[in-house]
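Chains as they are written, first to last, in my numbering: chain W, 66 to 325; chain H, 202 to 585.
Calculated directly from the structure, the hints in this document are not laboratory data.
Be aware that a few hints might be false.
Said to hold, decoys possible - Some chain W residues close to chain H (C-beta under 8 Å, calculated; not the full set):
#1 Asn248
#2 Ile252
#3 Pro253
#4 Leu255
#5 Lys256
#6 Lys258
What the hints assert, rightly or not - Which bits of chain H does chain W cover? Going by a derived footprint, with three or more residues having C-beta under 8 Å, they are:
#7 219 to 227
#8 252 to 266
The beta carbon of each residue, even a glycine, is placed where N, CA and C say it ideally should be.
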Amino acid sequence: MNVVVCIKQVPDTAQVRIDPVTKNLVREGVQAVINPYDFYAIEEGLRLVEKHGGKVTVISMGPPQAEAALREAISLGCDEAVLLSDRAFAGSDTLATSYTLAAAIKKIKDFDVIICGKQAIDGDTAQVGPGIAAHLDIPQITYVRKIEGSEGNALVAQRTLEEGYEVVKAPLPCLITVVKEINKPRIPSLKGKMKAKKAEIIKWGAAHLDAESGRMGIAGSPTEVWKIYSPPPRAKGQIFEGNIEEAVDAVVEGLKDHLN
Amino acid sequence: MIDYLFTEEQQMIRDLCRQITDERIRPVAAELDRTGKFPRDVMKVMAQSDLFGIYIEEKYGGMGGGITEICIATEEFSRGCGGIAISYGASALGTYPIILFGNEEQKQKYLPLLARGEKLAAFGLTEPSAGSDASAMLTTAEKKGDKYILNGMKHFVTGGGEADLYIIIAMTDKSKGARGASLFIVEKGTPGFEFGKKEDKLGIRASSTTELIFNDCAIPQENLLAKEGMGFIAAMKTFDMSRPGIGAQAVGIAQGALDCAVKYARERKQFGKSISTFQGIQWMLADMATQIEAARALVYASAREIDAGKKDVGKDSAMAKLFASDVAMKVTTDAVQIFGGYGYMKEYPVEKFMRDAKITQIYEGTNQIQRNIIGLALIRETLK
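The following block holds chain W by itself, in its conformation from the complex (with noise of 0.2 Å):
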């Protein structure tokens, strides 16, 4: 079983402020990191093609930094790595991006399963992995917590919903994305790390794609900011004290004036 997992390098949160002026995330001298949800991915893909054998191919689109999270990913395991980086991609919103990762795993071409995240935490959009499932036509099940395994040519998964959850059987190829309860991720071997430090990282550009180009960066984004801003701070809470009943009495009355 040959695996896919799409990561993206993120600003560490745990750092991250916004600027007071801007309201735009303050990037600078912020270390980078692998996007927190796709350690699972990957340790996913990496526990796939232990049981089944096959190989384990991660991909990432972004600057020419983004290779130090595919070597990190590589020393925990991943057999390939694969950077898309081209100012050609440069200001791509989730449509565009999705559109030319589904190029390269096209590219790729001998896949069963693509792996991604749930989300990316600086975006937080969740549509990139979904998109990538539309732009390739295969089937999709987001929000995976478990694979119960494969059945035949198809794979059968619990997908999370609000409450409980549901269990989905998809034939291959398909793509997941994955919640955190799926697994705990590894921690890398120091052969792990020497092995990724000498990698080669395969390298594409817009060029070694089959794409059309106005789909991809900017040309290929019709999504538009209008606004960023920070959430007003929720309103103070009221106590009502006293006996039960005088206290539900008042707050059916504070119901009815904050009504009218």
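Keeping the supplied structure of chain W fixed, place chain H upon it in accordance with the hints.
Frame of chain W; chain H shown alone:
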């Protein structure tokens, strides 16, 4: 921290150990301290991360490092938990006699298993009546045919019950005193070899400390390490090299306590401001940090000269262990002081550092014995 010019590989080891400490040790340290349960899961992670191989030659499946690498790993782990760190370090102590004195067959048989962390090792020397005076030991090994028959007991053995291989020192010829002792490799499960009482300790409670009991325990003669009668010298040479590891444990414990104290001093407000703004607190923190750095410098300098193959390293490694452990006791006590009443409570992590620190002044030779070693070496040097 001063830059000790670690190689790229050593920095990788440090980063990896720091990650294990943050993600796997700190979250369980308080719980294991309370229950005294052996950190089997953490040992497994260390094994999977190749960390039991960092002091073993590559031809035996290791990564080819030495004492410096042990110190780097032990210091990092100790910042999170001195008990887990010494569970790691104790296996290194049990492995070193095989590295130093094992013959080719013994090395090929045991080192690859130890490098992979599939087996843990331990060292058994101390007996109830033979502590600092190790030559007073009563455990005997009598040669019978192609076997040695062990009788007696060891106690205070770090890793006891959990390790798979035990390096045991026993008298093969009582009439020769210290020159009649020999070292043996004893495998767990050998008939006649059992574990006695598990100790209930003040600190390093995640580590296992037990008695080892030998009752007509027959071991094959191939398990004799070095030559008959070399046991005492071999043990002392092992300790000459292992002492920086205890120094590193002490430095790590002290650093862990200092980090907590700095953080707390910034958060704690009294008299309307953060206590970190008080000069009295700042000076305490400054002294703690300076002492730790001096201890660390001594530890890594001593580790480095051992790895470089210098001959007489006993005095320097004794200084490293002595100084670092005294610093750890002082720094952790001051850290509790900065926490005030909260520092005395188990709800906060800092009292554990103080309990863990105490043993570093006692084991692998009490600090009084270290001073004996240093004093004797000084006098010998003047005689040359």
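Hints, verified against the model:
no. : hint       : verdict
1   : Asn248     : violated (14 Å)
2   : Ile252     : holds (6 Å)
3   : Pro253     : holds (7 Å)
4   : Leu255     : holds (4 Å)
5   : Lys256     : holds (5 Å)
6   : Lys258     : holds (5 Å)
7   : 219 to 227 : holds (count 4)
8   : 252 to 266 : holds (count 4)
In this structure, the one hint that does not hold is number 1.
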